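S.K.: The residues making up each chain are set out below.
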Amino acid sequence: MHAIEKIFAQKANVERVKAGDRVWADVDLTVNVDLYRTVLAEFENLGGTKIKYPERVAFTFSINAPAPTIQSASNEKDMREFAYKHGIHLFDINTGVVQQVLMEAGLVWPGTISIATDSHATILGALGAVGMGVGAVDLAASMIKGNIWFRVPEIIKINIDGELQPGVMAKDVILKVLGELKQDVAIYKAIEYTGSAVRNMSLSSRMVLCNMAVELGAKTSYIQPDEKVIDFLGSRVTRTYEIPTTDPDFKYAEEYSLDVNQLVPQVACPHNVDNVCDLDDVPKKPVNQCLIGTCTGGRLEDLAIAAEILKGRKINAKTRLIVIPASKEIYLKAMELGYLRDLIEAGATVTNPGCGPCLGAHMGVLAPGEVCVTASNRNFSGRMGSPQAELYLASPATVAATAIEGILTNPRGYLKSQQRS
Amino acid sequence: MHALEKILASHAEKDVVTTGEIIKAKVDLAEVNDLYLQTIYSFYEMGGKKVWDKNKICFVFDHYAPAPTIKTAQIHKEMREFVQKNNLTHHFDINTGVCHQVMHEAGLVYPGMILVATDSHTTTHGAFGAFGTGVGATDMATIMISGELWFRVPEIVEIEINGKLRPGVMAKDVILYILGKLGADACVYKAIEFCGTYIEDLDVAERMVICNMAVEMGAKTAYMVPNQKILDYIKTRTNKEFEIYDTDEDFVFAENFVFDINNLTPQIAVPHSVDNVVSIDQLPEVRIDQAFIGACTGGRLEDIQAAAEILRGQKINPRTRLVIIPASNEVLLNAIKFGFIEDLIKAGATLSTPGCGPCLGAHQGVIAEGENCVTASNRNFPGRMGSTGGSIYLASPATTAASALMGKLTDPRTFLKGENI
Amino acid sequence: MDMVITGKVLVYDDNIDTDIICPGRFLELNESKDIANVAMSGIDSNFPEKAKTHSIIIAGKNFGCGSSRDHAVRALKYSGLKAVIAQSFGRIFYRNALNLGLLVIISKDARNIFNDGESGKIDLTKGKITNMDKIITVDSDVISEEEFKVYEQGGMIQIYKQN
Numbered sequence: 001m002h003a004i005e006k007i008f009a010q011k012a013n014v015e016r017v018k019a020g021d022r023v024w025a026d027v028d029l030t031v032n033v034d035l036y037r038t039v040l041a042e043f044e045n046l047g048g049t050k051i052k053y054p055e056r057v058a059f060t061f062s063i064n065a066p067a068p069t070i071q072s073a074s075n076e077k078d079m080r081e082f083a084y085k086h087g088i089h090l091f092d093i094n095t096g097v098v099q100q101v102l103m104e105a106g107l108v109w110p111g112t113i114s115i116a117t118d119s120h121a122t123i124l125g126a127l128g129a130v131g132m133g134v135g136a137v138d139l140a141a142s143m144i145k146g147n148i149w150f151r152v153p154e155i156i157k158i159n160i161d162g163e164l165q166p167g168v169m170a171k172d173v174i175l176k177v178l179g180e181l182k183q184d185v186a187i188y189k190a191i192e193y194t195g196s197a198v199r200n201m202s203l204s205s206r207m208v209l210c211n212m213a214v215e216l217g218a219k220t221s222y223i224q225p226d227e228k229v230i231d232f233l234g235s236r237v238t239r240t241y242e243i244p245t246t247d248p249d250f251k252y253a254e255e256y257s258l259d260v261n262q263l264v265p266q267v268a269c270p271h272n273v274d275n276v277c278d279l280d281d282v283p284k285k286p287v288n289q290c291l292i293g294t295c296t297g298g299r300l301e302d303l304a305i306a307a308e309i310l311k312g313r314k315i316n317a318k319t320r321l322i323v324i325p326a327s328k329e330i331y332l333k334a335m336e337l338g339y340l341r342d343l344i345e346a347g348a349t350v351t352n353p354g355c356g357p358c359l360g361a362h363m364g365v366l367a368p369g370e371v372c373v374t375a376s377n378r379n380f381s382g383r384m385g386s387p388q389a390e391l392y393l394a395s396p397a398t399v400a401a402t403a404i405e406g407i408l409t410n411p412r413g414y415l416k417s418q419q420r421s
Numbered sequence: 001m002h003a004l005e006k007i008l009a010s011h012a013e014k015d016v017v018t019t020g021e022i023i024k025a026k027v028d029l030a031e032v033n034d035l036y037l038q039t040i041y042s043f044y045e046m047g048g049k050k051v052w053d054k055n056k057i058c059f060v061f062d063h064y065a066p067a068p069t070i071k072t073a074q075i076h077k078e079m080r081e082f083v084q085k086n087n088l089t090h091h092f093d094i095n096t097g098v099c100h101q102v103m104h105e106a107g108l109v110y111p112g113m114i115l116v117a118t119d120s121h122t123t124t125h126g127a128f129g130a131f132g133t134g135v136g137a138t139d140m141a142t143i144m145i146s147g148e149l150w151f152r153v154p155e156i157v158e159i160e161i162n163g164k165l166r167p168g169v170m171a172k173d174v175i176l177y178i179l180g181k182l183g184a185d186a187c188v189y190k191a192i193e194f195c196g197t198y199i200e201d202l203d204v205a206e207r208m209v210i211c212n213m214a215v216e217m218g219a220k221t222a223y224m225v226p227n228q229k230i231l232d233y234i235k236t237r238t239n240k241e242f243e244i245y246d247t248d249e250d251f252v253f254a255e256n257f258v259f260d261i262n263n264l265t266p267q268i269a270v271p272h273s274v275d276n277v278v279s280i281d282q283l284p285e286v287r288i289d290q291a292f293i294g295a296c297t298g299g300r301l302e303d304i305q306a307a308a309e310i311l312r313g314q315k316i317n318p319r320t321r322l323v324i325i326p327a328s329n330e331v332l333l334n335a336i337k338f339g340f341i342e343d344l345i346k347a348g349a350t351l352s353t354p355g356c357g358p359c360l361g362a363h364q365g366v367i368a369e370g371e372n373c374v375t376a377s378n379r380n381f382p383g384r385m386g387s388t389g390g391s392i393y394l395a396s397p398a399t400t401a402a403s404a405l406m407g408k409l410t411d412p413r414t415f416l417k418g419e420n421i
Numbered sequence: 001m002d003m004v005i006t007g008k009v010l011v012y013d014d015n016i017d018t019d020i021i022c023p024g025r026f027l028e029l030n031e032s033k034d035i036a037n038v039a040m041s042g043i044d045s046n047f048p049e050k051a052k053t054h055s056i057i058i059a060g061k062n063f064g065c066g067s068s069r070d071h072a073v074r075a076l077k078y079s080g081l082k083a084v085i086a087q088s089f090g091r092i093f094y095r096n097a098l099n100l101g102l103l104v105i106i107s108k109d110a111r112n113i114f115n116d117g118e119s120g121k122i123d124l125t126k127g128k129i130t131n132m133d134k135i136i137t138v139d140s141d142v143i144s145e146e147e148f149k150v151y152e153q154g155g156m157i158q159i160y161k162q163n
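Residue numbers (our numbering), protein chains in the order written: chain A, 1 to 421; chain B, 1 to 421; chain C, 1 to 163.
Hints are computed from structural coordinates only; laboratory data are not their basis. Only a predicted model underlies this, so the values are computations on that prediction, with no experimental measurement involved. Mixed in with the good hints there might be a few duds.
[As the list claims (entries may be wrong)] Below, a list of computed lysine-lysine pairs in the BS3-like style, where the Cα atoms sit at most 25 Å apart:
#1 B:K85 / B:K71
#2 A:K18 / A:K6
#3 B:K346 / A:K285
#4 A:K318 / B:K50
#5 C:K33 / A:K18
#6 B:K164 / B:K229
#7 A:K284 / B:K85
#8 B:K346 / A:K333
#9 A:K285 / A:K251
#10 C:K33 / A:K50
#11 C:K52 / C:K33
#12 A:K145 / C:K149
#13 B:K229 / B:K181
#14 C:K161 / A:K145
#15 B:K85 / A:K314
#16 C:K33 / A:K52
#17 A:K311 / B:K337
#18 B:K337 / B:K235
[Claimed, not checked] A few chain B residues that don't get close to chain A, going by computed Cβ distances all over 12 Å:
#19 A12
#20 G47
#21 W52
#22 G136
#23 L182
#24 G196
#25 V225
#26 T238
#27 D246
#28 F257
#29 F259
#30 E285
#31 D289
#32 I324
#33 L344
Just so you know, even glycine gets a beta-carbon here, dropped at the ideal spot from N, CA and C.
With the hints as extra help, turn the sequences into a complete structure.
M.R.: This is the structure in structure tokens:
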């Protein structure tokens with residue numbers, strides 16, 4: 001069996017599972033985000049009165065944080081009262097993006113199953129955990145019963161070998177994968193990432209691959225945990241855990257491989273995540289807004305490379321740069337290391353940790369006709385505001401260099417060090 | 001004549017003006033904020049083609065920074081186009097801060113000037129010995145075309161404030177106290193000069209708090225004789241030469257009020273009017289859902305410092321949000337440098353982008369029905385910060401911080417180290 | 001549940017994502033009718049009006065890709081749609097549709113035989129989709145018995161309720 005299958009089998013309390021099986025599996029962490037006031041309605045609708053395992057349920061407020069409208073304020077108020085009443089974890093507006101704060105808080109470890117009203121729950125694969133996005137009904141059911149049904153997914157292997165050139169980031173890798181394999185390659189399936197490039201990546205970089213697995217259609221993702229994962233979990237997770245492994249005879253549904261030695265910065269052009277080109281091949285047009293942040297591009301290494309590029313420089317007078325650290329922990333570290341100062345002095349607008357304008361809720365919504373280059377994860381029409389705006393997905397390094405020039409720019413010439421730290 | 005009358009006279013090229021006289025005066029600086037796209041429409045409707053002086057009109061994006069909706073993004077877009085078309089020298093985009101902070105930081109405010117803005121709190125600039133007043137879109141369009149505007153020479157009221165504040169009591173408490181005594185309509189159409197021993201030695205930031213809220217008494221403008229602290233501050237910002245006008249000894253004020261603040265306690269304006277003011281110790285227990293420190297009244301370095309000193313090493317009440325919006329990026333950078341931001345974030349504050357924040361309910365912390373908010377901002381009208389079913393309590397930054405800590409309205413003097421109430 | 005569903009169709013391309021079906025700025029809405037009012041607003045502001053006379057969506061591949069928001073399913077369901085036919089569906093959308101009882105059918109070929117406004121017929125038992133104006137029939141995946149039961153009861157939500 002694959003490690004993912006072993007996780008499903010263990011949580012379903014059965015010996016074996018295989019792709020296509022439907023199982024009722026225990027959920028270790030059930031997460032609702034602030035967009036889903038509807039979960040409370042479904043909880044009631046399903047006859048819920050009590051939460052089976054309050055310590056396994058968390059509400060996170062990162063999207064409408066702080067509330068931009070009366071309606072969102074009212075939704076949050078109801079959800080807070082629900083959280084207080086049931087004694088579940090509440091990560092309020094002062095914490096950061098959903099999965100990032102859950103990982104930092106030690107609520108996720110290898111071998112667990114998490115569900116969230118957040119499609120980017122696939123990010124948890126970077127810790128060797130199964131994270132899956134669901135809707136309000138599944139979430140409410142899991143709160144009440146502690147388990148829900150799952151279809152055990154087929155598993156695809158994506159092997160990534162080679163060494164990244166300076167200025168090329170995990171985001172470029174996953175964009176390249178999207179461009180090659182397209183956004184429906186893994187529908188209903190799980191993705192495991194393997195290979196030397198993945199092994200050599202920082203945990204934060206692996207999170208980028210797993211985060212955007214959902215853009216390939218994947219149900220969940222997985223990277224075999226190693227020392228980097230154990231180091232990260234360190235003092236955060238005090239309980240013991242077993243790291244599942246894949247049997248040597250396991251047969252993947254599909255296997256793909258990518259060599260990244262010669263990879264250059266990639267860009268996903270409007271309006272699809274798999275509409276990917278080499279940055280240098282994209283026609284250059286004026287860029288109105290740049291975004292570095294959120295669950296895809298707002299970790300410390302992302303802010304570090306942006307600060308390295310922008311330190312002592314000024315952003316283009318006709319371009320805005322919005323920077324949103326993924327969490328309070330990251331904000332504090334970026335402040336301590338001087339990155340925030342460098343970014344603000346360069347002209348960045350630094351907001352509170354959270355999702356910012358990534359899904360058009362507030363904090364940098366786009367007007368019709370505007371162009372935005374972003375380190376976030378989706379460039380669908382209307383994602384960040386007007387459907388007549390154009391979104392280009394790129395790495396944090398590319399976004400930073402672009403903010404300086406006001407047109408899509410290769411970050412290579414802007415790095416002070418040749419080697420990324 | 002009064003200094004304010006001399007300012008008007010000099011800008012109208014007259015030797016003498018008298019109360020009630022209508023004059024046409026030249027404007028030294030006109031500021032348009034991002035609530036007033038109508039100004040541009042009016043400009044064109046009135047036949048405007050090019051602005052009268054590209055150095056004397058500035059645009060500040062603070063109320064909707066960064067844009068929370070497509071509509072506000074569109075407002076910014078059209079304003080940016082106007083700024084570029086007219087090649088305006090001073091444009092403060094979303095990465096700067098509140099107009100009443102960024103203009104003087106940029107050296108655009110000095111004694112003896114006339115400053116007109118599409119913002120009622122333009123009275124703030126009386127702290128610098130300037131004639132600052134708020135207007136609507138039509139008046140502003142007139143200025144943008146001609147550089148001049150009609151003014152009625154106002155009656156001038158003298159408010160003398162004597163004494164020395166006790167620890168834990170701030171300028172905000174002083175102006176709330178005066179508002180409570182005189183009422184919200186005490187100075188409609190009139191100008192206020194603040195004087196007395198308290199004002200003479202007052203710091204720059206605190207002078208601005210007093211003048212900022214003069215408009216809450218209905219005042220057209222406010223005035224303080226520039227003291228050495230103001231002159232020193234201006235010297236670090238601009239080399240511009242200016243004239244300080246003296247009030248003639250025989251000038252007779254329309255009214256005089258005298259206040260002694262030696263024994264003043266922290267004050268609160270309770271819902272729903274700014275003059276509904278009581279001493280904090282007279283209030284029953286009031287639960288606090290959100291506390292807000294920021295904006296043009298309470299977001300300066302001194303305000304953030306006062307909050308940091310109370311919250312350092314503490315955690316805010318888990319059922320209370322604390323939103324902090326520095327008045328400008330310069331304030332933010334200094335607050336980072338002095339460690340205040342670290343103190344506040346560690347205590348649980350949500351620190352967002354410099355600007356107006358939730359003060360007028362546009363975003364970044366809108367309140368829901370039934371919620372109580374204590375705020376260092378300037379207005380507590382029903383619906384000001386969101387739902388008309390919310391309740392807003394105006395207080396000093398220190399009181400706001402103490403209330404966030406305890407989750408209820410709290411006297412900040414409780415937390416003064418080594419001081420007795 | 002009817003075994004044969006008929007109605008006028010609306011045709012869409014590949015990768016109709018959840019930001020098209022229900023943009024993020026509307027996710028604060030809670031009431032079904034409010035959510036239905038913004039259905040497909042990323043691509044077609046007249047959709048709610050069209051949904052009064054059209055009851056089947058026919059799309060290309062990866063319909064509903066993107067977010068976990070079941071607002072996307074609600075928006076379509078409460079607009080009055082009877083079914084969505086696509087070459088493939090975003091996984092979470094598919095799951096949410098099953099949960100909420102919006103009929104979703106996979107057909108590789110249906111997209112190629114329809115234009116906007118034509119009349120369609122879905123035969124659930126036979127796995128056939130017919131363009132009634134042109135009289136052309138293509139295959140669709142047959143809905144499993146298990147899934148059919150779910151639909152019949154009004155979605156997984158009803159089954160959860162009974163447990």
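S.K.: Give a verdict on every hint.
M.R.: Now the hints, each set against the structure:
no., hint, result
1, B:K85 / B:K71, "21 Å, holds"
2, A:K18 / A:K6, "9 Å, holds"
3, B:K346 / A:K285, "41 Å, violated"
4, A:K318 / B:K50, "21 Å, holds"
5, C:K33 / A:K18, "41 Å, violated"
6, B:K164 / B:K229, "17 Å, holds"
7, A:K284 / B:K85, "22 Å, holds"
8, B:K346 / A:K333, "12 Å, holds"
9, A:K285 / A:K251, "46 Å, violated"
10, C:K33 / A:K50, "29 Å, violated"
11, C:K52 / C:K33, "13 Å, holds"
12, A:K145 / C:K149, "22 Å, holds"
13, B:K229 / B:K181, "29 Å, violated"
14, C:K161 / A:K145, "11 Å, holds"
15, B:K85 / A:K314, "22 Å, holds"
16, C:K33 / A:K52, "32 Å, violated"
17, A:K311 / B:K337, "17 Å, holds"
18, B:K337 / B:K235, "23 Å, holds"
19, A12, "36 Å, holds"
20, G47, "27 Å, holds"
21, W52, "23 Å, holds"
22, G136, "24 Å, holds"
23, L182, "33 Å, holds"
24, G196, "38 Å, holds"
25, V225, "35 Å, holds"
26, T238, "21 Å, holds"
27, D246, "41 Å, holds"
28, F257, "38 Å, holds"
29, F259, "36 Å, holds"
30, E285, "18 Å, holds"
31, D289, "8 Å, violated"
32, I324, "9 Å, violated"
33, L344, "10 Å, violated"
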